[in-house]
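Colleague: Residue-level listing of the chains:
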Amino acid sequence: MITLNAKIPEGPLEEKWTRYKSTTKLVNPANKKKLDIIIIGTGLSGAGSAAALGELGYNVKVFCYQDSPRRAHSVAAQGGINAAKNYKHDGDSVYRLFYDMIKGGDFRAREANVYRIAEVSNQVIDHYTALGVPFAREYGGTLDTRSFGGVQVSRTFYAKGQTGQQCLLGAYSSLNRQIKAGTVTMYPRRDMLDIVVIDGRARGIIVRNLLTGEIERHSAHAVVLASGGYGTIYYLSTLAVNSNASAAWKAYKKGAAFANPSFVQIHPSSIPQLNEFQSKLTLMSESLRNDGRIWVPKNKGDKRPANDIPEEERDYYLERRYPTFGNLVPRDVASRAAKERCDAGYGVGETGLAVNLDFRDAIKKHGKKVIENRYGNLFEMYQHITGLDPYEEPMRIYPAGHYTMGGLWVDYELMTTLPGLFSIGESNFSDHGANRLGASSLMQAAGDGYFILPNTISNYLSGEIRTPRIPTTGSEFDEAEKNAKERIAKLLSIKGKNTSTTFHKRLGKIMWDYCGMTRNEEGLKKALKMVEELKKEFWSDLMVPGEGADLNQELEKAGRVADFMELAKLMITDALNRKESCGAHFREEYQTPDGEAMRNDREYSYVAAWEYNGDDEPVLNKEPLKFEFVELKERSYK
Amino acid sequence: MPDMKFKLKIWRQKNEKTKGSFVSYDLDNVSPDMSFLEMLDALNKRLVESGKEPVAFDHDCREGICGSCGMYINGLPHGPVPGLTTCHLAMRYFNDGDSITIEPWRAKAFPVIKDLIVDRSAFDRIQVAGGFISVTAGAASEANAILITKTKSDEAFDSAICIGCGACVASCKNASAMLFVSAKISQFALLPQGHVEAKARVRAMVQEMDRQGFGNCSNTGACEARCPKQIKLTNIARLNREYYKAY
Ligand SMILES: Cc1cc2nc3c(=O)[nH]c(=O)nc-3n(C[C@H](O)[C@H](O)[C@H](O)COP(=O)(O)OP(=O)(O)OC[C@H]3O[C@@H](n4cnc5c(N)ncnc54)[C@H](O)[C@@H]3O)c2cc1C
Ligand code: SF4
Ligand code: FES
Numbered sequence: 162m163i164t165l166n167a168k169i170p171e172g173p174l175e176e177k178w179t180r181y182k183s184t185t186k187l188v189n190p191a192n193k194k195k196l197d198i199i200i201i202g203t204g205l206s207g208a209g210s211a212a213a214l215g216e217l218g219y220n221v222k223v224f225c226y227q228d229s230p231r232r233a234h235s236v237a238a239q240g241g242i243n244a245a246k247n248y249k250h251d252g253d254s255v256y257r258l259f260y261d262m263i264k265g266g267d268f269r270a271r272e273a274n275v276y277r278i279a280e281v282s283n284q285v286i287d288h289y290t291a292l293g294v295p296f297a298r299e300y301g302g303t304l305d306t307r308s309f310g311g312v313q314v315s316r317t318f319y320a321k322g323q324t325g326q327q328c329l330l331g332a333y334s335s336l337n338r339q340i341k342a343g344t345v346t347m348y349p350r351r352d353m354l355d356i357v358v359i360d361g362r363a364r365g366i367i368v369r370n371l372l373t374g375e376i377e378r379h380s381a382h383a384v385v386l387a388s389g390g391y392g393t394i395y396y397l398s399t400l401a402v403n404s405n406a407s408a409a410w411k412a413y414k415k416g417a418a419f420a421n422p423s424f425v426q427i428h429p430s431s432i433p434q435l436n437e438f439q440s441k442l443t444l445m446s447e448s449l450r451n452d453g454r455i456w457v458p459k460n461k462g463d464k465r466p467a468n469d470i471p472e473e474e475r476d477y478y479l480e481r482r483y484p485t486f487g488n489l490v491p492r493d494v495a496s497r498a499a500k501e502r503c504d505a506g507y508g509v510g511e512t513g514l515a516v517n518l519d520f521r522d523a524i525k526k527h528g529k530k531v532i533e534n535r536y537g538n539l540f541e542m543y544q545h546i547t548g549l550d551p552y553e554e555p556m557r558i559y560p561a562g563h564y565t566m567g568g569l570w571v572d573y574e575l576m577t578t579l580p581g582l583f584s585i586g587e588s589n590f591s592d593h594g595a596n597r598l599g600a601s602s603l604m605q606a607a608g609d610g611y612f613i614l615p616n617t618i619s620n621y622l623s624g625e626i627r628t629p630r631i632p633t634t635g636s637e638f639d640e641a642e643k644n645a646k647e648r649i650a651k652l653l654s655i656k657g658k659n660t661s662t663t664f665h666k667r668l669g670k671i672m673w674d675y676c677g678m679t680r681n682e683e684g685l686k687k688a689l690k691m692v693e694e695l696k697k698e699f700w701s702d703l704m705v706p707g708e709g710a711d712l713n714q715e716l717e718k719a720g721r722v723a724d725f726m727e728l729a730k731l732m733i734t735d736a737l738n739r740k741e742s743c744g745a746h747f748r749e750e751y752q753t754p755d756g757e758a759m760r761n762d763r764e765y766s767y768v769a770a771w772e773y774n775g776d777d778e779p780v781l782n783k784e785p786l787k788f789e790f791v792e793l794k795e796r797s798y799k
Numbered sequence: 003m004p005d006m007k008f009k010l011k012i013w014r015q016k017n018e019k020t021k022g023s024f025v026s027y028d029l030d031n032v033s034p035d036m037s038f039l040e041m042l043d044a045l046n047k048r049l050v051e052s053g054k055e056p057v058a059f060d061h062d063c064r065e066g067i068c069g070s071c072g073m074y075i076n077g078l079p080h081g082p083v084p085g086l087t088t089c090h091l092a093m094r095y096f097n098d099g100d101s102i103t104i105e106p107w108r109a110k111a112f113p114v115i116k117d118l119i120v121d122r123s124a125f126d127r128i129q130v131a132g133g134f135i136s137v138t139a140g141a142a143s144e145a146n147a148i149l150i151t152k153t154k155s156d157e158a159f160d161s162a163i164c165i166g167c168g169a170c171v172a173s174c175k176n177a178s179a180m181l182f183v184s185a186k187i188s189q190f191a192l193l194p195q196g197h198v199e200a201k202a203r204v205r206a207m208v209q210e211m212d213r214q215g216f217g218n219c220s221n222t223g224a225c226e227a228r229c230p231k232q233i234k235l236t237n238i239a240r241l242n243r244e245y246y247k248a249y
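In the order they appear, the protein sequences are chains A and U. Residues 162 to 799, numbered by the numbering used here, are exactly what the first sequence covers, in order. Residues 3 to 249, numbered by the numbering used here, are exactly what the second sequence covers, in order.
Since the hints were derived computationally from the structure, they do not count as laboratory data. Positions of the beta carbon are idealized from the N, C-alpha and C atoms, including for glycine. Wrong hints could be hidden among the right ones.
BS3-like, lysine-lysine: derived pairs with alpha carbons at most 27 Å apart [as the list claims (entries may be wrong)]:
#1 Lys21/U / Lys525/A
#2 Lys154/U / Lys656/A
#3 Lys651/A / Lys16/U
#4 Lys110/U / Lys658/A
#5 Lys646/A / Lys11/U
#6 Lys47/U / Lys696/A
#7 Lys154/U / Lys530/A
#8 Lys154/U / Lys249/A
#9 Lys646/A / Lys201/U
#10 Lys666/A / Lys47/U
#11 Lys697/A / Lys9/U
#12 Lys7/U / Lys529/A
#13 Lys175/U / Lys658/A
#14 Lys11/U / Lys341/A
#15 Lys658/A / Lys47/U
#16 Lys529/A / Lys152/U
#17 Lys658/A / Lys9/U
#18 Lys697/A / Lys19/U
#19 Lys646/A / Lys19/U
#20 Lys651/A / Lys47/U
#21 Lys696/A / Lys11/U
#22 Lys234/U / Lys530/A
#23 Lys670/A / Lys21/U
#24 Lys646/A / Lys9/U
#25 Lys21/U / Lys658/A
#26 Lys529/A / Lys247/U
#27 Lys249/A / Lys152/U
#28 Lys530/A / Lys152/U
#29 Lys154/U / Lys234/U
#30 Lys656/A / Lys47/U
#31 Lys666/A / Lys154/U
#32 Lys154/U / Lys110/U
#33 Lys526/A / Lys152/U
#34 Lys54/U / Lys656/A
#35 Lys54/U / Lys658/A
#36 Lys690/A / Lys670/A
Far from chain U by the CB rule (all over 10 Å, computed), these chain A residues [said to hold, decoys possible]:
#37 Asp504
#38 Gly756
#39 Glu778
With the rest of the complex left out, here is chain A:
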């Protein structure tokens, strides 16, 4: 059994990070260039860490599956990035940001980590601004902010609806500077297939060159996963369609514990599914809830066009149920409330699986110009996809899989339980507890990458300065390569009748129905069986045409779906284990009389870190969550 040592520094909350930084071991500049670091991923976390580690003088190799690092999924983030700058003078502070995240995450995150990310948030904004990221500005020339759900201050920096793109291009530019300087080597169009472990330490990776199909070996003194989230397990989600769990899953199978896998955020506002071939759900940013009002008809099955329904026959259910936060309640609350109304028969649109997000009042109040200025590109996108005009009639929205709070377990240094393997950004579990607040993921990914990992990895690497460059010829590399090749051969040899996408859709439906917005014991147990059967069918009826030694996109997909099949089981197991409701994990059996999540702090105030155990059931390790600085409270947005 592994031991979970979170390595939280001693001392008062606000001094932990400073103390850590001033006492951690360093690596001297001459030794840095002899140390190799592998990074998987070029999103805000991966590109940022690659740049920062390159700047420090380490020898960095970076991998991504896209043709260019600039296309990592972070590029798609829309709404914004948080920081505790308090530019609006509305009472914000590092402590308040920390507290909002702890509360928003329903008291299931580690205090010290959350406080630290709130602390570095301001540096992130300074850095991006210096890199030329064109954040929105006020007329006086200072940076502008807006509000996001779950908070009462305005701390979200943004670049219209393209905040992720602008931050990522900033990170990409700093990565490019290091590529030019020769400290970073970029390997695009590579799929990580395995982690190589030598003497109990992560020492390298096996990747498939997606252009040639060649299997390559790469070694390093430390490996960093910045591979993003696994929300695509639902098939339909708001993520880039090739996002996957494989890198994290392979790490799990090599000894890194997987924490809270069932904590998945279902975002309340995406464009509902329109056709059976639909490949993704397009997000309509949370920022829209600043001005849009959510409602359904008061009368069940009212099929009149939205504009024909008079004011007194509309149910603004969020404003009704949560008068303090109204339309700006956190995501999990908004999603469940939408599901509740639709399940009760009040949904709108052809399928009844949608609610209205209405801008009529905002347009009346501020004028069309202002609304266009704020959300123009989102409105346009909505119109192109649906053929409907949101300036004239309400948008229709429905919840969709969006973000995974669960991920690889990491300690305060962002190291997993496999020594030498680190995990940053969405791929780790650390900062969002059971629910993430809007605009805090870009903040975390960038903070982890630029400002935290570069400080913590040196503690590990200081012990590696006498380890010579790792050869890729050892038996561990042979073994890992052999396994990777065998699996590819197996996927290619089945020659069944169904595509990996067909299996992925079926898996996604099971997970959505039984391990999505709400869960219950009976459903979860049923899903466990269904996934097991589907997995068998997958391995006997899959069709992957073509060869391994070639560009083969069906093979890429098949490998990812195979891993999703295994992860699904762990997610369900985790959801079954947690007999409480907290944040996005809503067990129907555990709710208050008015339908709110009911936590059980006495028994479940812990991180569930699952340990791989071969073909046997995974082992549950518990990291107790100690709340020394905040008081555990019922989370209320009423």
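Given chain A's structure and the hints, the job is docking chain U with the ligands onto it.
Modeller: Quick look at chain U with the ligands alone, frame taken from chain A:
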């Protein structure tokens, strides 16, 4: 809504070395709500289920922001609707029964890799040459220390939203990358943070652009018309000014 039928003519090419050719496919049961890529998914499903290799194409975000997708659709990069990437193009913009010809980007600097996939790494090399502001993590000053007018900052944003798709190169008869390069140069020229290295940057990026085999700009404006992010030709004028200032 009624289902639609299409006659597709798609460029199939095994790899960079083999010669490619057009192959025709009939596809029906296409819903007008499907995106162009979802239409190709439907075709690919049929091909894979019968053991044939699907049509390869690059894609990821499927919401017009990552810049992965891109192909000629009836001769037009990203198809007939201005302002849309291929992944955002809905089939309702076509007529039932249409013939649609689909090809990869054609440009010397973008060699075909397979079917509709081309190699756009030349774009990355141009950015590596100089598309950055040299600030090390930790060295930045307070974000509000430098004030920037909203107009300037918005203008910089309008240049910064290039997605690196390559449609500008594909639409240009000279396969010039000027619009792409000028977008980055403009973003940094409009912001005070970019001024320190302005001269070195424009020299390095233009030199790399030439080295990668992109053609010259002859001001026909096809790039602006086809750019899904509506990057303006004025960026090219600014690039030229910056370039002259640098020597
Ligand atoms: C539509 C949408 C909108 C969002 N909007 C916001 C927002 O407004 N604010 C906010 O804070 N957050 C937002 N989020 C969340 C946020 O975008 C992500 O959590 C964050 O960008 C994750 O960054 P990352 O660096 O961890 O990983 P990612 O950006 O996901 O990057 C993952 C990287 O890993 C690589 N990779 C993955 N697997 C492999 C493999 N097996 N082999 C090789 N490479 C691999 C990929 O190529 C990629 O480079 C949004 C998310 C979505 C889906
Ligand atoms: S300038 Fe426009 S067409 Fe060219 S790469 Fe950028 S977004 Fe694409
Ligand atoms: S797939 Fe990302 S822009 Fe089209």
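Colleague: Now, for every hint given, state plainly whether the structure supports it.
Modeller: Results for each hint:
1. Lys21/U / Lys525/A: violated, 60 Å
2. Lys154/U / Lys656/A: violated, 58 Å
3. Lys651/A / Lys16/U: Holds: Lys651/A and Lys16/U sit about 23 Å apart, inside 27 Å.
4. Lys110/U / Lys658/A: At roughly 39 Å apart (the allowed maximum being 27 Å), Lys658/A and Lys110/U break the hint.
5. Lys646/A / Lys11/U: violated, 35 Å
6. Lys47/U / Lys696/A: Distance ~20 Å between Lys47/U and Lys696/A Cα, so the pair holds.
7. Lys154/U / Lys530/A: holds, 20 Å
8. Lys154/U / Lys249/A: Measuring from Cα to Cα gives roughly 22 Å; hence the hint holds.
9. Lys646/A / Lys201/U: Outside the cut-off at roughly 49 Å; violated.
10. Lys666/A / Lys47/U: holds, 13 Å
11. Lys697/A / Lys9/U: violated, 37 Å
12. Lys7/U / Lys529/A: Judged against 27 Å, a Cα distance of about 39 Å means the pair is violated.
13. Lys175/U / Lys658/A: The hint is violated at about 44 Å.
14. Lys11/U / Lys341/A: violated, 42 Å
15. Lys658/A / Lys47/U: holds, 11 Å
16. Lys529/A / Lys152/U: Holds, because 20 Å separates the two Cα atoms, which is no more than 27 Å.
17. Lys658/A / Lys9/U: holds, 25 Å
18. Lys697/A / Lys19/U: violated, 39 Å
19. Lys646/A / Lys19/U: Answer holds: Lys646/A to Lys19/U is near 26 Å, not above 27 Å.
20. Lys651/A / Lys47/U: holds, 21 Å
21. Lys696/A / Lys11/U: Judged against 27 Å, a Cα distance of about 36 Å means the pair is violated.
22. Lys234/U / Lys530/A: holds, 22 Å
23. Lys670/A / Lys21/U: violated, 42 Å
24. Lys646/A / Lys9/U: violated, 39 Å
25. Lys21/U / Lys658/A: Distance ~30 Å between Lys21/U and Lys658/A Cα, so the pair is violated.
26. Lys529/A / Lys247/U: Violated - the C-alpha atoms of Lys247/U and Lys529/A are around 42 Å apart, more than 27 Å.
27. Lys249/A / Lys152/U: Satisfied, since the Cα-Cα distance of roughly 17 Å is no more than 27 Å.
28. Lys530/A / Lys152/U: holds, 17 Å
29. Lys154/U / Lys234/U: holds, 15 Å
30. Lys656/A / Lys47/U: At roughly 14 Å apart (the allowed maximum being 27 Å), Lys47/U and Lys656/A satisfy the hint.
31. Lys666/A / Lys154/U: Distance ~46 Å between Lys666/A and Lys154/U Cα, so the pair is violated.
32. Lys154/U / Lys110/U: violated, 35 Å
33. Lys526/A / Lys152/U: holds, 23 Å
34. Lys54/U / Lys656/A: holds, 11 Å
35. Lys54/U / Lys658/A: holds, 12 Å
36. Lys690/A / Lys670/A: holds, 14 Å
37. Asp504: Label holds. Min Cβ-Cβ 24 Å, cutoff 10 Å.
38. Gly756: holds, 33 Å
39. Glu778: Given that every Cβ of chain U is farther than 10 Å from that of Glu778/A, nearest at about 35 Å, it holds.
Hints 1, 2, 4, 5, 9, 11, 12, 13, 14, 18, 21, 23, 24, 25, 26, 31, 32 from the list above are not met by this structure, while the remaining hints are.
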